[in-house]
Amino acid sequence: MFAWMVWTTPVAVFFCCIALMLVGMTVWEIKAPTVSRKGFLPIATTRGDRLFIGLLAAAYINLGFIGLAGKLAEWLSLAQEPSIWISFVVSMAVLALILRRG
Amino acid sequence: MKPINQKAWWLVLPVVICVAFSAVLPLMTVVNYSVQDIISPERRVFVGTEWFAAVMRDEELHAALWRQLTFSLAVLAVEIPLGIALALSMPARGWRASLVLVLVALSLLIPWNVVGTIWQIYGRADIGLLGAALAWLGVDYSYTGDATDAWITVLAMDVWHWTPLVALLCYAGLRSIPDAYYQAARIDGASRLAVFRYIQLPKLRGVLMIAVLLRFMDSFMIYTEPFVLTGGGPGNATTFLSQYLTQKAVGQFDLGPAAAFSLIYFLIILLLCFILYNWMQRVGTADREGAGHE
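Residue numbers (my numbering), protein chains in the order written: chain W, 1 to 102; chain R, 103 to 396.
Keep in mind that the hints were calculated from the coordinates and are not lab data.
Given the structure is predicted, the values throughout are model-derived calculations rather than measurements.
Positions of the beta carbon are idealized from the N, C-alpha and C atoms, including for glycine.
Watch out, some of these pointers could steer you wrong.
[Claimed, not checked] Some chain W residues close to chain R (C-beta under 8 Å, calculated; not the full set): (1) Val6; (2) Trp7; (3) Thr8; (4) Val11; (5) Phe15; (6) Val27; (7) Glu29; (8) Thr34; (9) Ser36; (10) Ile43; (11) Thr46; (12) Leu56; (13) Ala58; (14) Ala59; (15) Ile66; (16) Gly67.
[Unchecked claim] For lysine to aspartate or glutamate, the following DMTMM-like pairs were computed, each having C-alpha atoms within a straight-line distance of at most 20 Å: (17) Lys71(W) <-> Asp160(R); (18) Lys305(R) <-> Asp290(R); (19) Lys71(W) <-> Asp290(R); (20) Lys71(W) <-> Glu81(W); (21) Lys71(W) <-> Glu152(R); (22) Lys38(W) <-> Asp49(W); (23) Lys109(R) <-> Glu29(W).
Could you build all of it, start to finish, from the sequences and the hints given here?
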């Protein structure tokens, strides 16, 4: 039925994480409704806003890293391009920071 | 601070289901395409982030992105002030108001490809009114041969097609301002400019936000009109993002890079709309707070 979507395991894992995140946020919201507050971000945000901003920032960090990986290898005289796991860890740290202090 | 009640979100559930079917599933497919080299549905190879890397390092894409951003900002810079000016000069009531409304709305009723064809003929020096008039004035104009002429023609075409939308939105906004505001301004002896700055412009904020977002997103995704008018040329002068994407996906059938590019395109639109929306919300809040202190 879903063969036309040409699924791959990493993409399936990615969307499962997104779905779990949405379910988790909904349950959290029901248990403890969010309060809009102002952190280091220039606007007052709710929990959902911070998740959205954090995920968007994470996507841009990963994309930026992929775009610059060739140049980074050249600048740092690396034998091969740096692993994207580096940007993944950085992006998750940024996501956590925005969720916590944004 | 009082917690926000979020229960009303359940009311949007039917829309969420429709959107899931029409947008989320296709989007998931695009994500799947973006990490694979699809030779045929049975023969596909997982390539990880390779297509993203190729797209991110594509010089032609960078050029198309800059062209697109410049075009969208130019569209906003021309259409928003022009739309406001047009709305301010339109008659408020009577048969003239109805007539002007119909005339202004005319260009909005024309399909995109027809708009492209109209301008294609309009700009020709041999049979088009604009081209012939410019040739008669001695202006060296050719939207098929000169990159700047082509770019300006596409911009003029978009302004011609879509400024009425901004004007109609602003007109509706202006008509919703109660007369009491104008009466108070008259008593205070406010100038025409002061009435615009302190009454009309703040009251137009809501419709302007819609106009800016609509025009930005629409112009950022522009495809049909430049495709019909210039075909993206001369050279790549009017090849905007969606045309570049179509060339990749349909022209060269590079589904992987096209999918990766679509996702980057999606992220750019998401970020820019988020910034624009928040910026305009913030301007509105500052206005309300300013009014509260006065």
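These are the hints, each one checked on the structure:
1. Val6: Interface hint status for Val6(W): holds (5 Å vs cutoff 8 Å).
2. Trp7: OK, holds: Trp7(W) within 8 Å of chain R, min 6 Å.
3. Thr8: This hint holds: Thr8(W) lies near chain R, its Cβ roughly 6 Å from the closest one there, short of 8 Å.
4. Val11: With Cβ-Cβ at 5 Å, under 8 Å, it holds.
5. Phe15: holds (6 Å)
6. Val27: Val27(W) check fails; min Cβ-Cβ to chain R is 12 Å, beyond 8 Å.
7. Glu29: Constraint on Glu29(W) satisfied, holds at 6 Å.
8. Thr34: Constraint on Thr34(W) satisfied, holds at 6 Å.
9. Ser36: OK, holds: Ser36(W) within 8 Å of chain R, min 7 Å.
10. Ile43: holds (6 Å)
11. Thr46: At about 7 Å, which falls below the 8 Å cut-off, the nearest Cβ of chain R leaves the hint on Thr46(W) intact, so it holds.
12. Leu56: Holds - the Cβ of Leu56(W) comes within 8 Å of chain R, reaching about 6 Å at its closest.
13. Ala58: Violated: closest Cβ of chain R sits about 11 Å from Ala58(W), beyond 8 Å.
14. Ala59: Holds, about 6 Å.
15. Ile66: Holds - the Cβ of Ile66(W) comes within 8 Å of chain R, reaching about 5 Å at its closest.
16. Gly67: Holds: closest Cβ of chain R sits about 3 Å from Gly67(W), inside 8 Å.
17. Lys71(W) <-> Asp160(R): holds (14 Å)
18. Lys305(R) <-> Asp290(R): Measuring from Cα to Cα gives roughly 19 Å; hence the hint holds.
19. Lys71(W) <-> Asp290(R): violated (63 Å)
20. Lys71(W) <-> Glu81(W): holds (9 Å)
21. Lys71(W) <-> Glu152(R): holds (15 Å)
22. Lys38(W) <-> Asp49(W): Within the cut-off at roughly 11 Å; holds.
23. Lys109(R) <-> Glu29(W): Given that 20 Å is the threshold and the Cα spacing comes to 10 Å, the pair holds.
Going down the numbered hints, you'll see the structure goes against 6, 13 and 19, while the others check out.
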